[in-house]
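Asks: Sequence:
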Amino acid sequence: MKKQLTLFVFLLTAVVAYSQKMKVEEGNFKNLKGITSYKLEFDYTDVEIPKYDSEEEFLEDKMAKREEKEAGAGEKFKNSWFLDREKRYEPKYVESFNKRFDDGKIKVGSDLDDAKYIMKIHTTKLYAGYNVGIVRHNSEIDAIVTVYEAGNPSNILLSGKYKDVQGSGAMGYDFDSGYRISECYAKLAKNIAKSIKKVSK
Numbered sequence: 330m331k332k333q334l335t336l337f338v339f340l341l342t343a344v345v346a347y348s349q350k351m352k353v354e355e356g357n358f359k360n361l362k363g364i365t366s367y368k369l370e371f372d373y374t375d376v377e378i379p380k381y382d383s384e385e386e387f388l389e390d391k392m393a394k395r396e397e398k399e400a401g402a403g404e405k406f407k408n409s410w411f412l413d414r415e416k417r418y419e420p421k422y423v424e425s426f427n428k429r430f431d432d433g434k435i436k437v438g439s440d441l442d443d444a445k446y447i448m449k450i451h452t453t454k455l456y457a458g459y460n461v462g463i464v465r466h467n468s469e470i471d472a473i474v475t476v477y478e479a480g481n482p483s484n485i486l487l488s489g490k491y492k493d494v495q496g497s498g499a500m501g502y503d504f505d506s507g508y509r510i511s512e513c514y515a516k517l518a519k520n521i522a523k524s525i526k527k528v529s530k
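Numbering (our numbering), first residue to last: 330 to 530.
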């Protein structure tokens, strides 16, 4: 029993460590040394929703179930699903990244039009997770992060994938899916900032 528990803890630690590390496909974090600001771009095209063939199918299913219980609840869910990106996920990413650097030494933002480099966050998988009190599961995202020169998009300094970045919070009382997902973006930003800090010393 003790061996099984040890193996479980080892596997869990390995999974968490993997989700925190970028699988670099082009360039290197070292290329980012000296850059002090990045204009953010977020992309959700062709996002995969586990257990569904498409995001459209996911929305149709969730909207129909809510509509059965309360008229108008389906459309309300759809609106919040998209609004949460701009209102919750993206600001959470900015907040989490920027607070890792003293005095704004390095910063990101969607409004930094003068930044010479773009940091693009392409979400390729989005799993909302669940919390029904008795049982719960963290939210998860996969993302491709690409940094390139604003005036020359073909000049890619870094591009790579993060897999199964998990979000949770509120001591397990994270019943709101938008909140759980926003914590995924906070964790993603933390991981990226950590890697940038290493090469900026």
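These aren't lab readings, by the way, just hints derived from the structure by calculation.
Just to be clear, a hint being listed does not mean it is correct.
[To be verified] Derived lysine-lysine pairs resembling DSS-like cross-links, with alpha carbons at most 27 Å apart:
1. K405 / K350
2. K405 / K352
3. K350 / K362
4. K445 / K434
5. K530 / K394
6. K416 / K362
7. K350 / K530
8. K523 / K445
[What the hints assert, rightly or not] Okay, the calculated beta carbon distance ranges per label pair:
9. S439 / I485: 17 to 25 Å
10. K362 / K407: 21 to 29 Å
11. A402 / G363: 20 to 28 Å
The beta-carbon is built from N, C-alpha and C at its ideal position, and this holds for glycine as well.
Asks: None of the hints should be skipped; say for each whether it holds.
Replies: To see whether the hints hold, each was checked on the structure:
1. Proximity of K405 to K350 is assessed by CA-CA distance (about 36 Å); at most 27 Å being required, the pair is judged violated.
2. The straight-line distance between the Cα atoms of K405 and K352 is roughly 37 Å, outside the 27 Å bound, and the hint therefore fails.
3. Restraint check for K350 and K362: the C-alpha separation of about 18 Å stays at or below 27 Å, so the hint holds.
4. Annotation: proposed proximity of K445 to K434 holds, straight-line Cα distance about 15 Å (limit 27 Å).
5. With a CA separation close to 52 Å, the supplied pair K530 and K394 exceeds the 27 Å bound.
6. With a CA separation close to 30 Å, the supplied pair K416 and K362 exceeds the 27 Å bound.
7. Restraint check for K350 and K530: satisfied, since their Cα atoms lie roughly 19 Å apart, inside the 27 Å limit.
8. Between K523 and K445 the CA atoms are separated by roughly 21 Å; this keeps the pair inside 27 Å, and the hint holds.
9. The beta-carbon spacing between S439 and I485, approximately 20 Å, falls within the hinted interval of 17 to 25 Å.
10. For K362 and K407, the hinted distance range of 21 to 29 Å is not satisfied, since their beta carbons lie about 43 Å from each other.
11. For A402 paired with G363, a C-beta distance near 50 Å fails the hint of 20 to 28 Å.
Of the numbered hints listed earlier, those contradicted by the structure are 1, 2, 5, 6, 10, 11.
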